[in-house]
Every structure is written in C-alpha cells, then in structure tokens.
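Please model the complete structure; the sequences and the hints are all you need to start from.
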Amino acid sequence: MGRLFGTDGARGVANTELTCELAMKIGRAMAQAMGLASGGGVRPQVLIGMDTRASSTMLANALAAGLNSVGADAVMAGVVPTPAVAHLAPLWGCAGGAMVSASHNPCEYNGIKLFQRSGSKLPDALEERIEALILDEIDLPPAVVGGQVGRTIPGEAAVPDYLRHLRAAVPATLSSVLKIQGVKRIALDCANGSASVTAPRLFSDLGLAYDLLCAAPDGENINAGCGSTHMERLQAYVRGNDEIAAGFAFDGDADRLLAVDENGELVDGDKIVAICARQMKAEGRLKNNTAVVTVMTNLGFHEFCKKNEIDREITTVGDRYVLERMIEKNLSIGGEQSGHVIFSEYAATGDGQLTALMLLEAMRKSGRPLSALAGEMEVFPQVMVNVRVSNLGKLRCSSDPEIGLAVAKAEAELGDAGRVLVRVSGTEPLIRVMLEGRDAARIGTLAGEIAEVVRERLI
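Start counting the sequence shown at 35; every next residue gets the next number (this note's numbering).
Since the hints were made in silico from the structure, they are not lab data. Treat the hints with caution; some may be incorrect.
Result set (SDA-like, lysine to any residue): computed pairs, CA atoms no more than 25 Å apart in a straight line [unchecked claim]:
| # | residue 1 | residue 2 |
| --- | --- | --- |
| 1 | K428 | E412 |
| 2 | K428 | E51 |
| 3 | K428 | T263 |
| 4 | K363 | A206 |
| 5 | K321 | M265 |
| 6 | K428 | G438 |
| 7 | K321 | R472 |
| 8 | K428 | S459 |
| 9 | K218 | M265 |
| 10 | K340 | E412 |
| 11 | K443 | T350 |
| 12 | K341 | K363 |
| 13 | K443 | P403 |
| 14 | K443 | E486 |
| 15 | K321 | Y380 |
| 16 | K213 | S405 |
| 17 | K443 | N420 |
| 18 | K341 | L492 |
| 19 | K443 | R489 |
| 20 | K428 | N342 |
| 21 | K399 | V417 |
| 22 | K218 | Q313 |
| 23 | K213 | A243 |
| 24 | K218 | T186 |
| 25 | K428 | T461 |
| 26 | K213 | R398 |
| 27 | K321 | N297 |
| 28 | K213 | L246 |
| 29 | K428 | E490 |
| 30 | K340 | N322 |
| 31 | K341 | P403 |
Below, the structure written as structure tokens:
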C-alpha cells in the first residue's frame, strides 16, 4: 500500500500521527479526488460515522471541516459500525462515506476509512491519488466562501435505518434457534465499541435473549481486554454458563466477528465462511459454487472445501481485496480468518452483526449446535510471529535475500505438508511470519528461525 493508507484506511496514534490537520487534509483531498468539491451547484454529501474512542469525535469533526471548507456537506451519523456507513451512504444518496475508527487497535490509535458512493472501499488508485494530493501538496481544491461553504448535518436516522436493514436479512423465526438448541440465550461481547449502540437493539428486536459483555464505552476501554482480539474473556464466560448456545465477539467498529461455540471453543473466520458457504450451497445460493478467502486462510478450510465440492478464490490479505474478487467473479461469500466476512447479497463490506445472524440462521436450519457445524472443518496448527520493524524495513522485506533463503529452506522441509507466509502488515509496523502444518512443534521452531532472520535484517 501507499505512504498514508494501509490495507484498511489511514491509521496512526491520534493527535500525533493522525492529527486534526491531517484529517482536514484528507477531507479536502477526498473531495478533490472524488470530484466532490463544490462547483457552485448542489453540494455533495459525505456520510461520516465513528467508533467510541475518545479521539473519534475530534477527528470526525476535523474531517467534516475539511469537506465543508471545499463545499461538501458532512452528514454526521455519530457512533455506528463501519458497515452502517457502507450501507447508508448509497441508501441516503451520499456521494461517499468515511468512518473514523482504528478497528481492533487500542484506544490511542485511530483511523479514517473512505468509501465510494456504492458503499465499497476506495480502490487503491483513488487512495493513491488522495495520498499524492495530501503529501505532495498538489492540486488541492480552493477554499470556498460565503454560501458555498459546506454544512454539517445530523444523521439521526443512521442507527434505526441500519438496524432495519439487518433485521430484513433473516426471518422472524430466527429466535427459534434457541428453542432448537435447548438453551436460553446467546452472549454478546461488544468490545466497548460501535456494536454497543446497535447489538442490544438488534438482538432484542429479533426476540433473542442475550447476555451483554463489554458494552459500556467510556472513550478509553474500546478493545481493552475484550472483543474479537481478546477472545479469552468470552470463552471463559460461555464455559461458565451452560445455558448459552453461542457467543459472539465484535471488534471496535463491528465490521468483524469471531464466535465461540456452546463449549467456549473458538470459531474463527475460516470456520464461519466454511459453515455459511456450505449452508448457502445447500440452498442454491452459493454463486458459482465458490467462496473467496485470503492467503492467510487455514489449510483445513481448503480440505473442507474439497470434501464439500466448493471452489475457492484466493486473494491477498484485506477485505477490500476479498470484495474486489467477489465483484469480479460474481460471488456471494468471502472472508478472512480474522473475522471479516462479506455476504454480497446484503453488504459491500464485512459486517460482524450480519455475520452473527447468518451463523445463527445456519444453526436454526441445520438443527445442529455450533460445535457440530464448526467441527466439520479440521484446523491445521498455525504459528504466527509478529516482528516489529521500521517503515524502511517493511519496504525491504520482500526483496531481502537472506529472508528469502530462510523461507525457501522452511518450505523445502515442510513440502506438501505445510506452508510458509511472510508478509507486511497493512495497518501496523510489523512483519508477520506465519507457518502452517500438521507438526505444531516443528512449525513453531521454523517460524522462530525465520523471525530471527527478519529481526537481524530489518530492525
């Protein structure tokens, strides 16, 4: 990715790396690159949502000010999930959308994700154009004056309109899943993030009883020991309550979901895509009999698909690339191990709450507990080592000969019984070393050896 945007928008420590000044510049450059700067006619509108971290209001206002300064209106949705922005921008006739969130990262970070009028994330070429406008300070639109200055407009219908969309995706009989499972409720971990304002209303409206965890955001506690990056909290809770059918954990902006079954065992994005793809195939809804996954997807998923005669498309990491392939090939489901799952029939981005509904619907239709559905996919042991490096190190990783030799050596040893993946994180200053195979101890050793070479060469 480029100098400002990673795989999921611009991101950094709020107020030092991602400043108000930068947010304003992003607003101005977005307007210029997307043709939204006012020409004296009807002012284009951009929908802005945010998560619950302390800096989000500050940055959302700065982004709005940047848009306003060049003649675009900002429609302020307030605290909503990222998929709400993706859904509502086209529904409300907006020319684009923006979400202020650092997703699963800690409170001190924040980010800005940009969307087209269709609700999909901006293509790389357009993000690179915005980067050039900001960082090279070329062709920025002129400031407007008088009545041409854009307005900031409250988007008070954002939450109810978004929830109406989610409720329409599943039948009114969804609540019967609990009766079928012989239990009383589900558990929801909202990560003290965006799902805190939507999940309780959604599941109540659908008649599902639930226990609510981590749904009291205070600006600082988003993702703090909770949500999809800290599954141990939800797992322990479910294991201590035998009347829970499943637990669902969202991240800070609720665009991803990880689940636990009734025994508290993890059900990750790979298993979620497997369960839902097979259900969709049984119903004749799996377009072109294919699911889209990334290079990080577990080998067990591919074995599952072979057994169930489901084809796969494989992309680089990032839900934007999953969606691009889904659109290109006219496919209906795709996702990542991290819990970004896209159902193109309903959404143009990952949506954690929608994914939870689709899992519950698969449980209802099959009459089987989540443990049985998830158990159909074997998980190959997988080891991930994250090595913190400099920005220059990230750029040099793919061309470093010593790292290449270390990877080749590990690949030769594993053969067809495993795989090696070394990749640059799109959102953090990290090199991720991932190995997969049936021998957990051996892949752990090999991962450590490669990671040590990365440290020696790139730090």
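Do the hints match the structure? See the list:
no.: 1; hint: K428 x E412; in the structure: violated, 33 Å
no.: 2; hint: K428 x E51; in the structure: holds, 18 Å
no.: 3; hint: K428 x T263; in the structure: holds, 23 Å
no.: 4; hint: K363 x A206; in the structure: violated, 32 Å
no.: 5; hint: K321 x M265; in the structure: violated, 32 Å
no.: 6; hint: K428 x G438; in the structure: holds, 14 Å
no.: 7; hint: K321 x R472; in the structure: violated, 32 Å
no.: 8; hint: K428 x S459; in the structure: holds, 8 Å
no.: 9; hint: K218 x M265; in the structure: holds, 22 Å
no.: 10; hint: K340 x E412; in the structure: holds, 12 Å
no.: 11; hint: K443 x T350; in the structure: holds, 23 Å
no.: 12; hint: K341 x K363; in the structure: holds, 22 Å
no.: 13; hint: K443 x P403; in the structure: violated, 42 Å
no.: 14; hint: K443 x E486; in the structure: holds, 14 Å
no.: 15; hint: K321 x Y380; in the structure: holds, 14 Å
no.: 16; hint: K213 x S405; in the structure: holds, 17 Å
no.: 17; hint: K443 x N420; in the structure: holds, 20 Å
no.: 18; hint: K341 x L492; in the structure: violated, 41 Å
no.: 19; hint: K443 x R489; in the structure: holds, 17 Å
no.: 20; hint: K428 x N342; in the structure: violated, 39 Å
no.: 21; hint: K399 x V417; in the structure: violated, 34 Å
no.: 22; hint: K218 x Q313; in the structure: holds, 24 Å
no.: 23; hint: K213 x A243; in the structure: holds, 11 Å
no.: 24; hint: K218 x T186; in the structure: violated, 44 Å
no.: 25; hint: K428 x T461; in the structure: holds, 11 Å
no.: 26; hint: K213 x R398; in the structure: holds, 9 Å
no.: 27; hint: K321 x N297; in the structure: violated, 33 Å
no.: 28; hint: K213 x L246; in the structure: holds, 20 Å
no.: 29; hint: K428 x E490; in the structure: holds, 13 Å
no.: 30; hint: K340 x N322; in the structure: holds, 15 Å
no.: 31; hint: K341 x P403; in the structure: holds, 21 Å
In summary, the numbered hints that this structure violates are 1, 4, 5, 7, 13, 18, 20, 21, 24, 27.
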